[in-house]
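Peer 1: Please take these sequences and the hints and turn them into a complete structure.
In the order they appear, the protein sequences are chains F and G.
Just so you know, the first sequence maps onto residues 1 to 288 in the numbering used here.
Just so you know, the second sequence maps onto residues 1001 to 1518 in the numbering used here.
Watch out, some of these pointers could steer you wrong.
[To be verified] To give an idea of the interface, some chain F residues facing chain G are shown, with a C-beta separation under 7 Å as derived from the structure:
#	residue
1	23
2	161
3	163
4	190
5	228
6	232
7	234
8	235
9	237
10	243
11	257
12	277
These are computed hints drawn from the structure, not numbers from a lab.
Here a beta-carbon is modelled for each residue, glycine too, at the ideal position from N, C-alpha and C.
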Amino acid sequence: METGDFRQLTIDGEVCRVAAGTPLKDACLLAGKEIPTLCWHERLTPASTCRACVVELEGSRTLVSACSRLVEEGMVVHTDSPRVLHARRGIAELLLSVVEDAQVPELQELVQSTGADVAHFRFGATLAQPTRDDNDLYIRDYSQCILCYRCVEACGEDAQNTFAIHVAGRGFGAHIDTGFDRSLVDSDCVFCGNCVQVCPTGALMDKTEWTLRQTGEWDESCIQVSETTCSYCGVGCALDLHVLNQRIVKVTSPYSHPVTQGMLCVKGRYGYEYVQRPDTSSVHSSAP
Amino acid sequence: MGSNAAEAHPIIFQHILRGVHQGAKLVVVDPRTTLTAKRAQEHYALNIGSDIALFNSLAHVLIRDNLQNQSFIERATTGFEGFKAAVMQWPPERAAAITGIDADRIEHLAHVYAAAKRSMICWTLGITEHHNAVDNVFALINLALLMGNVGRPGAGLNPLRGQNNVQGGGDMGALPNRLPGFQDLTDPAVRNRFEQAWGVPLSPKPGWNQTQMFAAMADGRLKGLYVIGENPIESEANRHHMEQIWSRLDALVVQDLFLTPTAERADVVLPAAASFAESEGTYTNSERRVQRVQPALTPPGLARDDVWIVQALARAMGHPWVDKSAEQVFAEVQELAPNFRGITYTRLAAAQGLQWPVPNDTHPGTPVLHTRLWEDTVDPRVAFMPVDYSPPVEPPTPAYPLTLTTGRRLAFYNTGVQSNVYPHPHHQGEQVEVAVVDAGRMGLTEGMRVRVTSRRGSIIGPVHISPSLPPGVVFLSFHFPDQVRTNVLTLDATDPRSGTAEFKAAAVRVEKWPSQEA
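Peer 2: Below, the structure written as structure tokens:
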């Protein structure tokens, strides 16, 4: 029986009552069961593509994704049944077989929690390909793309509403595309970098960070983050300035901020060079 | 209304589109088919400067069809009968002839506005960069009052602020007739409080706004000027005239990050720290949210915080000012400005900014203003302000057959001092945008060089044939003054009440360059 705006369900044998509209993932967390995720992002509509969050739902032929499925009255859910663990292990092993450098914390956690064998499928096709370096603001290294759709959602209705990219192709040929594989500069991209902000793997990376990593100068432990407010228009976007050796090397915005909810425009994210580029005509450099 | 938020305020536009995805209706009124207009369900491409004809006619239809919020009008407003009489002169057919929008579309738009339970009007410089800017705004206020679309969540009148801290400047009293906290200089009680705190008498006479200062520079009444963080030589209308009047100054001090063309004329340049990344303080955003800015970098060379410079200057002029930090200055604002009384640096950090008024330390801030209009007794009531249409100062003529309008482009900002430094892939400089039919008539092709001439001067630049422009309209931004000095062309006819020039409408002609006869 449904009561008020609450739903009663059973998670791993424990009876829980949660608000209607709660995703299964959050209901499981309330029941003390943390569900692994890869593609899910707090700011974005769940795309349910990675399947790392699958759980077993009695009466359902297939496993269901806990990030997007909402609680229903009387559900009986198993979060760590052999079938669930087997599926998650397979997902981890398949991802590791195609993605070149899986330094993704969420994927590493999935590997550990499922006991995945990283070498299991290391004999088939991979996504290895050269990094696309076609502009001075961010690079695309699709050999690290796990097709989580976060960039697509951030470029689309969840934030930027530019719709410059989408997933093209099917099966193993599925890939993020700018429309006829154009360079970013020739695409509809406006370089807001919100896709970079939500990318979980480093497949999308600011050019500055990428360059510093290439030369070995990027040292996370030496980066200091300073909170401030954007200097461009009157919207008042919160900025986190990431500073390395007295230089701003990256700008992000907190997802918790009421104005930005983590998203910025191109000026806020990349338009900071004016405070640090040596300029022979500037007053600064004429100072003794 | 007159806002290309998708390019000029991208993050506000994300909030607007979230509303659209959840079922809100977005209507854009703009002469250009901007990126914003393309995302709207309905776009009304009115003739430049015909705003009041449209808004009065919308009010006409609302009242004629008895769709107004009568109980709100009776309880919370005054002057309705006079307003009604004024807009009854504006049947849609009359407005259609002026705006270029069909009468039945005007009727439709009025009905769309009336059908919404709550409706918000946002605007930017398309409304305020006209010789009749204040009347344009009154016309919008009248519409909102008519439907009770004020003082409620999801309703309201929202001028989207163009600069990071234009609201904060006003908050701090950087206006000729205001003291910090937007308090009225001419109110003796207010003045007395500041006189007590500061220990000096204050003149009750408002100073000059920028336009009045320019007039005073022109006729020699203003001899010395101190400019902080602004580049008027490149941003103000009618540049040639501007350069002439600046040369009449006896003394010019410019405080800026860079040696801008304005700073190049200065007798003294005071190098300043970049506020958002090198100094301490607050900005106030478009929704009155006061937020912290904090230093991440050490300013280069001799550059100093604006607060430090101003205090050092006061001491150099013989005033015994104690050196105060930004936070100490803010504490003084807190004490003297009732709207800021509950705001402290500590609270700002914890709350991710607070929206004034914040009358005490536990007040959560005020997301919606003017809620008092929905209380049982409304005192004082709000007045309808009937306004009449006044065409642009420079209508097209045979010698200047086109209308130049100006605006921003997404990746760039104002005179480019900040935005022309970072490596944006679309950094291609200025383009003279010309409507497709006009380009065809003149035989222009993409990228061809043209000369644009107004009554004040000429510029030369490459053509972009733009499908977003209606016939007869030319568009330029003012982001690339090193290449194209757009403000040579623009018109300095200003609204005397706001001091804002008519950047949105200047009569021009466009010719191939070099001309083929030459």
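Peer 1: Can you give the numbers of the hints that this structure goes against, from lowest to highest?
Peer 2: Numbers 1 and 3, in rising order.
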